[in-house]
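> All chains, please: the whole structure from these sequences, using the hints.
Spelled out from the first residue to the last, the chains are:
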Amino acid sequence: MTVANTSVPFWPEDKIAAYNAELPLLTRVGKNYLDQSWPANGPTQDEVFRQLRKVERVWVSVYRPKDKDGIFLTFLAGNYKVTANVGMSNGNPRLWLGRISYFNHQDQARMLQNGALAAVKGLLLITGREFGEGLEIRESKFATGTYVTQLLEIIASPWNVHGEQVTFDEELDELDYQELELIDALRSFVNAEYELEQRAALQEPPFNAFEIQSVSQKTTYRLHYQMQFDDADYERLVALKPSLLVQLSDLGAPTDVLVEITDLAPVENQPIIRVSIEKQLEHARLPERGMFGLAAMPTLKNVREAVIDALAEKESKNPWLLSVAAGTYEAAPLNPVNVPLPESKFPPTASQVKAINSGAGTDDYTLVLGPPGTGKTTVILQWVKYFAAQGMRVLVTSQNNKAVDNVLERLAEEQEFECLRIGNENKISSSLEDITLDNKAVKLQKELFAGADAIMKRLANLQQSLEHLQSQKDVMMEKVGERDRARTIYAELSAEKENLQCKLPQYESIACRYEARADEIRTAIRYKNRPKWFVLQFIADWLHERQLNALEEQLSQTKASLVSALRTIEQKKLAIEHNERKLQFIAEELAKVESDIGQWQLEFDVIVPQFNFIKPDVELEITSIQGIESTLEKVKVVQQELFQWFEKLRNERQQALYKILMEKVNVIGATCIGINTKSLFRELDFDVVIVDESGQIQLHNILVPLSRAKKAILVGDHKQLPPVVSDEVLEEIEAQGFEDYQPLYQLSWFEHLWNAAPDDHKIMLDTQFRCPAIISDFVSEAFYGGRYFAGVGMDKKKPLFAFCPQPMVWLDICKMPKNRESSVIQDGRTVVQDNPCETALVLSVLEQAIIEKPELAINREIGVIVPYANHVKAIQKAIKRAQKQGKLKELSMPLNELVASVDSFQGQERDLIIFTFTRSNNRGNVGFLADWRRLNVAQTRAKKQLVMIGDSETLTKGAERDDVRDKEFKQAMCLLKSTLSDSGALLNASTIFGAKTTARPAKPEIIANHAEAAVHG
Amino acid sequence: MANQNRKKDHKRSFAILDSYRNILNNNLKPDENIFYARECLLPMLDVKTLVKERSREELSDVDLILFKLIKQGINSVASVALLTGLAEKQVQKKFHEMIGRSFINVENELVALTDLGEETLREGVPIKQVQRSYRYCAVSERLLPRSAYDLPFIPLDDLRNNDVKPIHFQHVLTEKKLVNLAGLDFSTIEDKRAYNITDEAISFEEVKGYISGYLQAKLFIIGDHQPTRALVSFGRQYLEYDLPQILEMMVPLNSNLMQTKLKEAHQQFLLEVDHIEWDALGLPVLYVDNAPLEWLSKSLESGIPAILLCGTDLYHPKPVSLSKLQGYTCRYYLTSSSQQQDADQLQAFAQDCDGYFKVPFPQRPFKSIQEFIGAKYREDELSRLWKLTEEYQIKRLRHCLPPLAEGVE
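Heads up: the protein sequence lines correspond to chains H and F, in order. In this text, residue positions in the first sequence follow our numbering: the first is 3, and each later residue adds one. In this text, residue positions in the second sequence follow our numbering: the first is 510, and each later residue adds one.
Read the hints as simulated data drawn from the structure, not as lab findings. For glycine and all other residues, C-beta sits at the position ideal for the given N, C-alpha and C. Mixed in with the good hints there might be a few duds.
As the list claims (entries may be wrong) - Each computed DSS-like pair below joins lysine-lysine, with the alpha-carbon atoms no more than 30 Å apart: (1) F/Lys770 / H/Lys123; (2) F/Lys561 / F/Lys637; (3) F/Lys598 / H/Lys666; (4) H/Lys448 / F/Lys602; (5) H/Lys429 / H/Lys879; (6) F/Lys577 / H/Lys448; (7) H/Lys448 / F/Lys580; (8) F/Lys602 / H/Lys445.
What the hints assert, rightly or not - According to the in silico footprint, chain H covers these stretches of chain F (three or more CB under 8 Å from chain H): (9) 550-564; (10) 569-575; (11) 590-597; (12) 661-669; (13) 742-756; (14) 863-872.
Laid out in structure tokens, this is it:
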């Protein structure tokens, strides 16, 4: 609808109640309905009735007096205000006229607020009798009184014909109940975590950095510093391991400057830490000294809240996320695609192929359960290759940097796509340095400008070619003209020659005729020379003479004609000869010109395809070469514009180009939160998001990456480590009234979804190629319902050490003296500190392993997994002590990589894994070992040999009881014990390491001595 | 939220007060009076229209090179990406953006600049078509001024909403059944801001829809001694309306009931209303016999005492508003000759004083009003004025009088 000359109705049709029928108001015969104040010169009642009959729109309002039954109606029609009441006739409603007056603007104002405008076909003022005899008979709505009910309905009267209140349905909110409640629950998760973090931060006394120095380090957005504290503050920092500090003002109030701790121990034995701050902060510079407090991480909260807000506002890019989370989503059947897989020495397993095809074909989400060693990364690589080939951009993410790095390290090796790792560069693996933002940008920038140079060169060549064409254009046009002219002349001459040749025989025939005639005449003359008649000689001579003369005359004429004909013939012949020579010449000229033109055409044909990449408007026909000029002009303009464009890019700061450069990347790796922390990252579009280790990620974290794409693949294993959940947060969530949602917080969303998703949306990778079969067989039976299989060759793996009869052995310490755990009571809770017996055995096994397989230490293929943090430290100390004594020197790897908790080892693998259970007590108390998922993770890290050290009595005690909390774990341990016992792999540590007399394959005395010494020492 | 609503209401109520003050202070011509002042419901359309506007932000470098290349016929994602070195995905995204903003259109996967795109490239800033809402009078068929946007608008759908401020007793202006939108015409608008149009707007393009409803404004009928023009005030700004059209909807007050009410209302001041006449508009004109001094010196309208408002043989009465009249006014004539004389003298003096103050300060012939009055009036006249201003307690006028010469009473 254009603006000019548009008229619109003030009352649009949809705002007018459509009654669209005559509305009868009943009157009594002879009654005056006109108001008392009716002007004397006003129209009569009949006149008013007639006017009202013609009205097409009336205002109607309904009124119910407090002190009377029934309802009253007011109509404003024309200039009149008409009142009526609803009366009953045999139980059927009728409208009875009340009074007619002129309306004023007060009536109008009241009507605006209380009434409705209705379209009618006149107000019909008739008597009750007329109504009964006419309308009632004609239409049932009048007989039943439905016409009144209808009127009240269409004007949305608050009362019905009986004066009873009418209620209207309220409009429903856009989000349904489950979705709204879920949104609130998610907000509560985020708030609870942040509040507790803040509370903890506030309770901690500040740290005094008495010396702060800037440190030169190249990272994209951060400035780096080194801070020195006194010993007490430093010890507190090391104990708390905070990731973020906040600078405090002189009065101790927190400022806006957040300081991220990058290294808590950069200098050995010095109370120094390294930190970094954002460059973009205003006055971003730390003072020479200052106070710092613990800080809650606001970014985490802000990022998650922004995503929740977007979900609540239905503005998320992911259309299914909220409804899937709320359990209201109905997934369409998943149609797998057939992803072409390259030939390989190690072809993918059937479950891998199924996972690859399903993930590639999903329209919403796919869940892939990947137990240990089943080739998740291989599958992820195939997805990434497939999506990248489709021109899609993939986000590869996980909860922590380490998990992201694990996948990215593999993907970065590929040449088929550009890979970028974004996030805090202090926390990114050094092996991914090349693909961090800064370094990748340098590479992409180089490529961009190299491409720019090539393009500019190509355009320059094009311009040159076009100019060359253009320079020849005039000559060529002339030649084409010449050619055309020559062709014309040639054609004319040819035609003429043809004509002449046609006419020549005719002339020759004439000449012949003349020749013959001349012969005839000559013959006649010859006869005339010999007269035969002497008598009439004279007359005869005279006659003869006359005839002869005539004949000679004829002969002469004929001769002349003949000569003329012969001359003409000669001429024609000459002309034909001339034409032939000329045609010959022209043909030669034409051939030359056409050869030139042909050459040019060839040149043109070579140049024209070069334009394909910019689709110019050059005509491909040589006859219309006018396009050259305009194209040349365009090429020049494009060249000029591109020159300016590239110059501008060259002069920009590198960081200003990030936006352009990042768009060139197909695969981006970032943590779940990291991908949304900066606007630069938030602006990136993703087609697919692949979440690794999603069995450890709760909904309020995983929804951040999932909100970035319409397609998601969640890879994980909820039978390995679950998310880290603090009891305090759970309490806080309960305090906020969301106790029903505690399970949602406690478990990973992957686990929730795995239990709820349709079968075609979930695939389990079932074949492992990491552990010896004995390990995976046990794990399969204990944890995966027998659906976890060892791949080809896994059953052929031999034990690594002489003292190990199987690739999985259990050194049972139940018979060892002093085998109990040591613990202290802190805040009413038992805190396990150490198990000296197991610690000593760990050292013994390490020593034996190095003796038998020194390459394990060289290749850093040993891992000691310990469930308790204090026990980790105890073992690290024991190793340090041993190294000081000149033992275990071969262990060159950092101790925190050698000995670590189960959580630290998830996602890793080593040839030799030593797993110590720590717990040994009379009560059979196993603490948080009861979460059998730790056992699963610990066991499946071993590629060749698993050595478990534990007290079988403690670990299996009470397994038969139904009421124990750790029943599942205990039963798994019973199964493990019997399995190992059957295969001779349950070793009595005291028998093997406890006595010098025990038969040992290599230096058993050393092991035994060491163990004894450690226990007694 | 509740606070915000309160704030809004607060602002709105001040907008209404503004309008009254503004009319009184700035929009009354000399000798003009207000005959009728009432909150009104002005039918209006909230017209949603596409407006062509110049963007405030310049084109980014990436946008600019894309525009330039498309202009030169480089019209596929692949070609643009190849030439610029941008990622195809980014070019694709940009093309989508440009399509969304109507800068380019696509045919067979090749793009070309639209007229808007050409214009954008020419101007160097994005020319966008944005949807804007304008308040358009459904009575006078023209755009409403900027201050009308501060006033409450009640869409038709909300008329029956309980939250809407009661609109009873408001003057409802009559709308046109079919409202012509020809008033949405840039050529007739001199000051864009005065009509709530952004400086960047270039033209109205297409009407996308509208919402009918009523604007709560204030209606004034003004004139010298009879109504001559009608104004609807929107706070600081106002528009003139067709007086006969407005008067058609005025309901005369000339009822017996009103007559009785008026007489009763004046009895409390011991004012004897001799009789009431009704003017052409139906407004009452009261003839007063021997009005008590107390009433004559009482402030009736804007602090002006009755003696200065009452009409006499020489002066027309000034309209006086009464709460009972709900926006209508009444006028008083004095029938007592002595009171008429007092009123005439005082009104003449008041006019002289007002006349002096209306002259700009540097141009005044006298430095002070007292000097001016002293020069204009004779001693006996001054003496009389002193007496009258004392009697009727009109301090404002008394302060304008020069001190009397010694010996003069």
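> A separate judgement is required for each hint: does it hold in the structure or not?
Consistency of the hints with the structure:
1. Proposed proximity of F/Lys770 and H/Lys123 is contradicted: the alpha carbons are some 42 Å apart, above 30 Å.
2. Restraint check for F/Lys561 and F/Lys637: the C-alpha separation of about 6 Å stays at or below 30 Å, so the hint holds.
3. Distance check on the hinted pair: F/Lys598 and H/Lys666 sit about 8 Å apart at the alpha-carbon level, within 30 Å; holds.
4. For a cut-off of 30 Å, the pair hint linking H/Lys448 to F/Lys602 stands: about 23 Å separates their Cα positions.
5. For the proposed pair H/Lys429 and H/Lys879, the alpha carbon gap of about 26 Å is at most 30 Å, so the pair holds.
6. Between F/Lys577 and H/Lys448 the alpha-carbon distance is near 24 Å, which keeps this suggested pair within the 30 Å criterion.
7. With a CA separation close to 28 Å, the supplied pair H/Lys448 and F/Lys580 stays within the 30 Å bound.
8. A threshold of 30 Å between alpha carbons decides the hint, and for F/Lys602 with H/Lys445 the separation of about 23 Å falls inside it, so the pair holds.
9. Coverage of the region 550-564 of chain F by chain H holds [criterion: at least 3 residues with CB-CB distance below 8 Å; count 4].
10. Check result for the region 569-575 of chain F against chain H: holds, 3 residues qualifying (beta carbon to beta carbon below 8 Å, three or more required).
11. Given a C-beta distance limit of less than 8 Å, the hint that chain H covers the region 590-597 of chain F holds, as 7 residues qualify and 3 suffice.
12. For a cut-off of 8 Å, the count of residues in the region 661-669 of chain F with a CB near a CB of chain H stands at 4, and the three-residue condition holds.
13. Closer than 8 Å: that is the beta-carbon criterion, and the region 742-756 of chain F has 0 residues meeting it against chain H, so the requirement of 3 is violated.
14. Note: the region 863-872 of chain F has 0 residues with beta-carbon separation from chain H under 8 Å; the three-residue rule is not met and the coverage is violated.
Checked against the numbered hints above, the structure violates hints 1, 13, 14; every other hint is satisfied.
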